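As you go down the protein sequences, you meet chains W and D in turn.
Be aware that the first sequence starts at 1, since it is given in UniProt numbering, and climbs by one per residue.
Be aware that the second sequence starts at 1, since it is given in UniProt numbering, and climbs by one per residue.
The hints are simulated quantities; they were obtained by calculation from the structure and are not laboratory data.
None of the values given here were measured: they were computed from a predicted structure.
Careful, some of the hints might be misleading.
[As the list claims (entries may be wrong)] Taking beta-carbon pairs under 8 Å as the criterion, some of the chain D residues facing chain W (in silico):
| # | residue |
| --- | --- |
| 1 | G157 |
| 2 | Q191 |
| 3 | V193 |
| 4 | L214 |
| 5 | S237 |
| 6 | V254 |
| 7 | S256 |
| 8 | V257 |
| 9 | P258 |
| 10 | P260 |
| 11 | I269 |
| 12 | E273 |
| 13 | R311 |
We put the beta carbon where it would ideally sit given N, CA and C, even for glycine.
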Amino acid sequence: MTSNLVELRDLKVSFDGVQVLHGIDLDVKRGEAIGLVGESGCGKSVTWLAALGLLPGKARISGSVQIDGRELVGQPRSAFEAVRGGRIAMIFQDPSSSLNPVLRIGRQITEALALHRNLKGEAARTEALRLMDMVGIPDARRRFDLFPHEFSGGQCQRLMIAMALAGDPDLLVADEPTTALDATIQAQILDLLIALRRETGMATVFISHDLGAVSQVCERVLVMYAGRVVEQGEIGALFDAPRHPYTRGLFDAIPRLDGERRRLIPIHGTVPDPRRLPEGCAFAPRCSSAIDACRHLRPDLTDMADGRRLACLRPVGEARPAAAPAVLEGAL
Amino acid sequence: MAHLLEARDLVRTYQVRRGLLGKPTPVRAVDGVSLTVRPGETLGIVGESGSGKSTLGRMLLGIDAPQGGDVVFEGQAMPEFGTPQWRALRARMQLVYQDPLAALDRRLTIAQQIGEPLDIHKVIPKEHRAARVAELMAAVGLRPDQGGRYPHELSGGQRQRAVIARALASRPKLLVCDEPVSALDVSIQAQVVNMLRDLQDMNNIAMVFISHDLKVVRNIADRVAVMYLGRIVEEASSDVIFKTPLHPYTKALVSSVPVPGKMLEGRVILQGEPPNPANRPSGCAFHPRCSLANDLCRSRVPALLVAGEGRTAACHMVEAPADAVAA
Chain W
1 MTSNLVELRD
11 LKVSFDGVQV
21 LHGIDLDVKR
31 GEAIGLVGES
41 GCGKSVTWLA
51 ALGLLPGKAR
61 ISGSVQIDGR
71 ELVGQPRSAF
81 EAVRGGRIAM
91 IFQDPSSSLN
101 PVLRIGRQIT
111 EALALHRNLK
121 GEAARTEALR
131 LMDMVGIPDA
141 RRRFDLFPHE
151 FSGGQCQRLM
161 IAMALAGDPD
171 LLVADEPTTA
181 LDATIQAQIL
191 DLLIALRRET
201 GMATVFISHD
211 LGAVSQVCER
221 VLVMYAGRVV
231 EQGEIGALFD
241 APRHPYTRGL
251 FDAIPRLDGE
261 RRRLIPIHGT
271 VPDPRRLPEG
281 CAFAPRCSSA
291 IDACRHLRPD
301 LTDMADGRRL
311 ACLRPVGEAR
321 PAAAPAVLEG
331 AL
Chain D
1 MAHLLEARDL
11 VRTYQVRRGL
21 LGKPTPVRAV
31 DGVSLTVRPG
41 ETLGIVGESG
51 SGKSTLGRML
61 LGIDAPQGGD
71 VVFEGQAMPE
81 FGTPQWRALR
91 ARMQLVYQDP
101 LAALDRRLTI
111 AQQIGEPLDI
121 HKVIPKEHRA
131 ARVAELMAAV
141 GLRPDQGGRY
151 PHELSGGQRQ
161 RAVIARALAS
171 RPKLLVCDEP
181 VSALDVSIQA
191 QVVNMLRDLQ
201 DMNNIAMVFI
211 SHDLKVVRNI
221 ADRVAVMYLG
231 RIVEEASSDV
241 IFKTPLHPYT
251 KALVSSVPVP
261 GKMLEGRVIL
271 QGEPPNPANR
281 PSGCAFHPRC
291 SLANDLCRSR
301 VPALLVAGEG
311 RTAACHMVEA
321 PADAVAA
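Next up, chain W with everything else stripped away, as it sits in the complex (with noise of 0.2 Å):
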């Protein structure tokens, strides 16, 4: 139990009664990098801004979410300050809009590191230069003072990565950190992750709608759709045999670049309108292996034989869950 840096159990959110997610249990443990998957609106990004308390007033969370074993849901603020930016530090997909355009970015990341780690003069100034170093600034001392538009977006995404580790945090989540970016400069930027994150041995959270990106910084994925999990498990497993036919439909869709050009297979229909969710799994509408079951009878995420959760009635491949869910008794 002690091992795990984050817990979020059973975690709920809903906005003007419409619930968005709907129950995430999730561990982080120390050092681990973790990926989620899904595309717009099922939850991915919601899940982490709900844990650490960044949505907006009206939005209504349970459930649990513990950080070192302190419960953070229903404390106040104070609770949330202590822990965003220290412990945990999150990045987002637009960097130009994140950071402030009228500082100059020393003064940006300086004053990142008076505030959580009480560093001030010289010292904030000789550690800012050393994070700027580290996320691949060229020319740091010179540039000190220039202000964000003034640098390219990969540069600012570099920039977004130095502020984030200026509180020494223990997680870094990263919500489609390469995604506005140009291929090239992805590339670099998913190095850059993955080395930092053996430098520093901070935890990762990688949450992207890419699963090649995913690939290439994660060692465990939990795939999402309509506000749950639906898959999760170790990276090579769960990319060689995806057992659910939502992420078979990822894999599928995805254009690929060797082999033979071929048509390709799109995942039919639209994903649900979170106010009128079908009522038995939510991918069923979209699925073509669901049978009636499906469409009345919500599977539960269920350990596998192979060590991987999975909930699904009709999984691809022949694996059976190691207990039969209780619901699947009740349908035969």
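Using the hints provided, position chain D relative to the given structure of chain W.
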């Protein structure tokens, strides 16, 4: 076969001011690009931001006038932007770009917008309008009831379908698509790409498909041109170019695409960033990031030369095949 579209030596320069009082400096966004598109063919154009691919797309449609070179469409020189001749031609060539919400009018229903080109170009009599709109909506996979909806009531994928239906209304021969699926989720992206291909096959539409996403381009384009800082650096059939890229930049692009299930270890990661077009490096624009660069690369711009059957490359380090010299 005759070309549907031909562009020769296109140049487009913008004046960019550095700072409020800075002296304007010319930036060559597109710097001598030539290309051809045959009827029904898809030409993919890939490149990173600032490579000039979108500016090129606008010039191909006559929306931006080139400062050098010319565009020939169906054997005729491109009329000047905004003239009646140009407007008439727009029925035959259409543009689809990344953000469908920006491309659609928020105050008009989907069906009204899809029907608009029919009125503007007077392609069919008014009484057939509704039937044609219904046909177009069916072709892009929109339900009839969605015609009465407003853009904000549709999902991103559905909006892009509506934009494509509108583009097809006037039965164009050329579609320029600028990042048409970049904002969509993978599963939806595959739907839209397949649909574009089907519509293209059915109506024999040629396409210029501009994208930064190599995987998508490979699967939709017959031929691919790679742009770097305003120039084409390599062009070949899409089967060949991704399998055996010749130009070091194409090689780096190909190797930067993350493959699901493969770790990053051992990949070639390009260092540095694309240079500022206002401050173009001497010689080959790619030389500061290129591991093969030598003195020649730093001083002389490589020309786009034949580098094999049906392929060209602009690199001093790429050997011209022996038989190409005679050609």
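Each hint, compared with the structure:
Given the 8 Å rule on beta carbons, the hint for G157(D) holds: about 7 Å separates it from the nearest Cβ of chain W. Of the supplied interface hints, the one on Q191(D) holds, with its beta-carbon coming within about 4 Å of a beta-carbon of chain W, less than 8 Å. Here the hint on V193(D) is kept, as its CB sits about 5 Å from the closest CB of chain W, short of 8 Å. Hint status for L214(D): holds, given a least beta-carbon distance of 6 Å to chain W, under 8 Å.
The beta carbon of S237(D) comes no nearer than 10 Å to any beta carbon in chain W, farther than 8 Å, and the hint placing it at the interface is violated. Evaluation of the V254(D) hint against chain W yields a held restraint, the C-beta minimum of about 7 Å falling below 8 Å. Among the interface hints, the one on S256(D) holds; its C-beta lies about 4 Å from the nearest C-beta in chain W, closer than the 8 Å criterion. Against a cut-off of 8 Å between C-beta atoms, the interface hint on V257(D) holds, since the closest Cβ of chain W lies about 5 Å away.
Against a cut-off of 8 Å between C-beta atoms, the interface hint on P258(D) holds, since the closest Cβ of chain W lies about 3 Å away. The restraint placing P260(D) at the interface with chain W holds, with a minimum CB-CB distance near 4 Å, inside the 8 Å limit. With a cut of 8 Å, the hint placing I269(D) at the interface with chain W holds, because the nearest CB-to-CB distance is about 5 Å. Hint on E273(D) holds. Least Cβ distance to chain W is approximately 5 Å, under the 8 Å limit.
The interface hint given for R311(D) is broken, as the beta carbon of that residue sits about 17 Å from the closest beta carbon of chain W, more than 8 Å.
When held up to the earlier numbered hints, the structure conflicts with 5 and 13 and fits the remainder.
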